[in-house]
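Chains as they are written, first to last, in our numbering: chain Y, 195 to 609; chain S, 1085 to 1348; chain Z, 9 to 623.
Don't read these hints as lab results, they were simulated from the structure.
By construction, the Cβ of each residue, glycine as well, lies at the ideal position given by its N, Cα and C atoms.
This list has only true hints and no planted wrong ones.
Each pair of labels, with its calculated beta carbon distance range:
#1 G547/Y / L324/Z: 53 to 61 Å
#2 E143/Z / A398/Y: 37 to 45 Å
#3 F512/Z / G1209/S: 27 to 35 Å
#4 F270/Z / G1208/S: 58 to 66 Å
#5 M9/Z / A496/Y: 53 to 61 Å
#6 D459/Z / T604/Y: 25 to 33 Å
The calculated BS3-like cross-link candidates involving lysine-lysine, where the alpha carbons are at most 27 Å apart (straight line), are:
#7 K373/Y / K574/Y
#8 K464/Z / K303/Y
#9 K397/Y / K374/Y
#10 K389/Z / K327/Y
#11 K238/Y / K327/Y
#12 K540/Y / K464/Z
#13 K172/Z / K296/Z
#14 K238/Y / K540/Y
#15 K464/Z / K238/Y
#16 K327/Y / K540/Y
#17 K1140/S / K296/Z
#18 K393/Y / K374/Y
#19 K1163/S / K1147/S
#20 K303/Y / K238/Y
#21 K374/Y / K574/Y
#22 K369/Y / K393/Y
#23 K574/Y / K369/Y
#24 K397/Y / K574/Y
#25 K574/Y / K393/Y
#26 K393/Y / K272/Z
#27 K272/Z / K389/Z
#28 K272/Z / K397/Y
#29 K397/Y / K373/Y
#30 K540/Y / K303/Y
#31 K464/Z / K327/Y
#32 K374/Y / K272/Z
#33 K373/Y / K272/Z
#34 K369/Y / K397/Y
#35 K1140/S / K1163/S
#36 K389/Z / K464/Z
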Amino acid sequence: MPPLFSGIEGKAMVGMGFGRRAILGGAAVLAAPRLGQAQAEPIKIGEINSYTAQPAFLQPYRQAWTLAVEQVNAAGGIHGRPLATVHRDDAGKPEDAVRHAGELVNAEKVALLAGGFLSNVGLALGDYAAQNKKLFVASEPLTDAIVWAKGNRYTFRLRASTYMQCAMLVEEAAKLPAKKWALVAPNYEYGQSAVRWFKELLKAARPGVEFVAEQFPALGRIDAGATVQALAASNPEAIFNVTFGADLTNFVRQGATRGLFERRAVVSLLTGEPEYLDPLGDEAPEGWIVTGYPWDQINTPAHTAFRDAYRRRFNDYPRLGSVVGYDTVQAIAALLRRANTTDTEKLVDNMRGLQFASVLGEVTFRALDHQSTMGAYVGKTALRAGKGTMVDWRYADGARYLPSDAMVRTLRPAG
Amino acid sequence: MRRYTLEAQNIQKSFGGVRAVDQVSFGVRPGEMLALIGPNGAGKSTCFNLLNGHLKPDGGQVKLLGQDITGLAPRRVWKRGVGRTFQITATFGSMTVRENVQLALQSHRGELARIWSPAWRLRGGQADTLLERVGLAGQARRPCSVLAYGDLKRVELAIALANNPRLLLMDEPTAGMAPAERVGLMALVAEIARERGMSVLFTEHDMDVVFGHADRVLVLDRGRLIAEGTPDEVRANALVQEVYLGSGFEPEAEPEPGEEPPAC
Amino acid sequence: MENLLLQALNGLASASSLFLVASGLTVIFGVTRIVNFAHGSLYMLGAYLAFSIVTNLPRGHLGFWGGVVLAALAVGAIGAVLEMLLLRRIYRAPELFQLLATFGVVLVVQDVALLTWGAQDLLGPRAPGLRGSVELLGLRFPLYELVLIGIGPVVLGLLLLLFKRTRWGTLVRAATQDREMVGALGVNQRWLFTSVFFVGSMLAGLAGALQLPRESVNLHMDLSTITEVFVVVVVGGLGSLPGAALAALLIGELHAFGILIFPKITLVLVFLVMAVVLVVRPRGLFGKAQVAQAAVASVAEPVLGRAPPQLKWLGLVALLVAVVAPPYLAGDYALIVLTDMAIAVLFAASLHFIMGPGGMASFGHAAYFGIGAYGAALLTKWFAAPMVPALLAAPFCAGVAGVIFGFFCVRLSGVYSAMLTLAFAQIAWSVAFQWVELTGGDNGVLGVWPDAWATKLHFYWLALGCSVVGTLALRRIALSPFGYALRAQRDNTLRAEAIGINAFEIRWVAFVLAAGFAGVAGGLFAFAKGSVFPTALDIPRSVDALLMVLLGGVQTLAGPVLGALAFTGLHEQLVRATDYWRLVLGGVILLLVLAFPQGLAGAVRQRWEARRRPG
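Throw the hints in and build the complete structure from the sequences for me.
Printed below as a string of structure tokens:
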């Protein structure tokens, strides 16, 4: 610790809950208070995310993260050593994320890095990890590049990627009679990739489809009325939607009022996630084919235990972000148990092919491309008691929605 | 020797159909102090701005030392050897008196493109000489923003002299000054003009100043030149008396800039 | 055909809401000359307050419309309080300083809104009786949008009546034309300014509240609105209500039809339009030259001088410590932070060069920083260039951009010029963002790490060296004849012209120099971070530079150095210390603004001079 910055160590936000529970000024709250061997030196995880930029999605994530760390520690930690997390806010700026990574690695001496919500932050951290030879477990970022085009030895990703979720939806979309498709996606890498994969995969699955309109509203600034009008003007039989968050809300409102969704199939990425479905309230669309997370209906023992624990701890229901946060910690804990060291190279070797029990089921981090096989739920949206929910859903195992190994090798120059 | 330093031939300017300056011709002789007078709205300012390059005449020609300068930008007019002062003093408030003059000297020598040599080292001695000449040697290190109004006028004069002008254009040089200061300043200008053989063309309200210092006087009314001659000739001119009727040949009452020092 | 007509109606609806926000901003600017960055925050507060009020009032017309009006009034009151507690105290500060204060407000409001209303987007109730749609030309159009289309012109009409028929309105118009005059009329300026803030803020609040049935209320509403609204105000002509109306119409329709023709360039369309309008009409569509504009703001700029020997020694010692100490005292992380600071200092100093001595504010200085960063990064990516040549190319790339953009920007003055720099910055940003094949789009250019010989310490020394040399070079230039000429055209354009100074050329060269030095900072940034993303040239980065310069003080050459160190230092420490760093940082900025209206360096200088003055 450089003397210049020494007053700070005690203020690090170790394992602190986010949101209203956060304590201004950031007092230290070590995460293993009930442990006999609490004196054992904790294993530190450095976690970086866009907390102030994306609070709606990252508060549930952070809460579940805290919960998971508490559970691991209550169960005796990792071979007797408690887990501790130092969280950092990158405010949505990749360069800030890189600076925090430098701090976490060099000053906080964390064993590994984790986090990332925005794709570019994830990529910047992945690149940092490769350069500084530190393990980075990307939790949220969806971009395919993080494990493929820009993949590297030190970066692993938990969530089902853009490609995988598109593949899941294409499977359903190909069954529809619709041939004329209109597409709407936010104008950035995620939206563009989703559109590209969807088109490519759907054309392969169902020859003869045509794409009659594409709209790329600026992220967070959709001009919903005009966008809806432009889509309607092309008179498609079905619509593929990639917008989310505030854009989705506005799109749905304008689309419903203008009858865009009537007599048309809508296939929509991520819309079944409570993060995006719940704000719509009783205006949630019905019958959309979506990927998502029907948190109230998944009653596997693992998920029920998770849901109950989350509810008890935060008096709130889990969002998909909660699952991601919780499972990232589970994955890291499984890794640390298996490796029994914090040496980066050994961690990486153990991470390749690591299996762990996620709340959604068994998940493997593929040695081939460092992508986990965590899946997603595919189903239809419906309204129940004035709220949006998912029906007719199934769990789509991520392992089934990845391209062939040969293709992955061509997509991933890093090997 | 050339007959005129500056010559205006049939210059004219209209604004929205109103002829502000209408076919005016005159010449400024070498070394003379020439006053341009006229009642409010006579077109003095417009005429001045046609000479210094601020306005482009609709017709006619302005010649400096025989060369056509019609419609040249003010900075080019300056480069041809015309200095000027403003009705409301214009100096650079973020610089000291000396720096103001230095900058004008550096500009005259084409040194403004030098981005690496410290400005304070260049032309300091010459600036001091000029400041001494206008009686400001003691104020050289003070920022312009704190100077008294009368002193600012002198700074302007020093700046205007930096390019060794053949002609000095002074717009209302004594506006806003106390009567005693006015005489002092104009005496100084006349002295310097004589020393350098420099012509001075000035507009003025204060008839004491005009008749005390001008060698010749031009009278404008409604855009036209109505009289030209020595002060005595002009004073005796019936047309001029008619124009100024009722005011007893007193300066017309134009609002003075007031007591507060204008912005730099 | 029907589709086009309906699209035109969509454009009208957007135009109407845009106008409501813009009208408030333009009125406030017209009278007070304050670039109110917090206007978007007031808009967001209007939406949130309306949500809370409407959902708590009984359903029905009274509940909804009453709630909207109450929310607007509440936001108006908030604006008036802001004016009285904050802005009123700093009207005499240098131009644009108030922007710093309003930015502090933006930061505070962001966290206050998060704490009050939570992180999740809120979907407000629809307007009673206006839930559905009407059939127009066989297509459906939402009723509420029709009402919205009507509200814009009605508000415009009411405002025009207010301005033409009341004494208050006459005063506002007079003040917009010539602020001195109002003082001369013996009007209580304080009262006028507060009431103008009330009205302007109320309009922002009203616009926010009226979005309730259209869009979800969320924490991004403030910043996503503010730039677009500024564009409208500037395109219309600052202070002009009819101008704002026409510009809103133009931008609203452009959006609606742009979607049909170029669905991908909606990001940059408004900025392209603004650039074209400003190049053709330097004061916007309806803008007028402001009488005595300079006279109002001119608290005389202090004389720049050679530094006192004590300060030189202090600087030298600080520099020595910065060079020698890190290897012994600091770990790798401190080196990273110190490198960031060195880069920030150079970036801020380059902006200060045109803002201080040049008198040209820039809202888009990040363009040159980012172009430098991309220049260096792309050379490494596509040509595998080593670090040093890539770094040398950075200022060149930025300088070329400076030559082109500067040519247009330096012809304009004041906020118009600043907004044109913003337009060019946004155009550059959208190239970085959209030209995926070259730049990787928002996934950025990765793997731009320093050469193997450069350890973190070496790189720090390199950055420090560039920063110190660059800052001192800018200082030396500022004190050269060229620098004096630059200040001369700022102090008094007429006088400068009258001693042969070509203000355009001088400003242009200065702009290019500033761009070049910003490019150096950008190149260093690329290698310090190992990657470059469009965020390297986005608006927040331009704003950061502006904040650093204003915080340090525009009027001294040490200002940007102090400002950059203070700002990056504060930010770095606060982000790690608390989740609510925005609240704290915003609060600190507000306190600094109130305590040191001349900026940090200005305050130090004042103390220094006060001590040396005898008596």
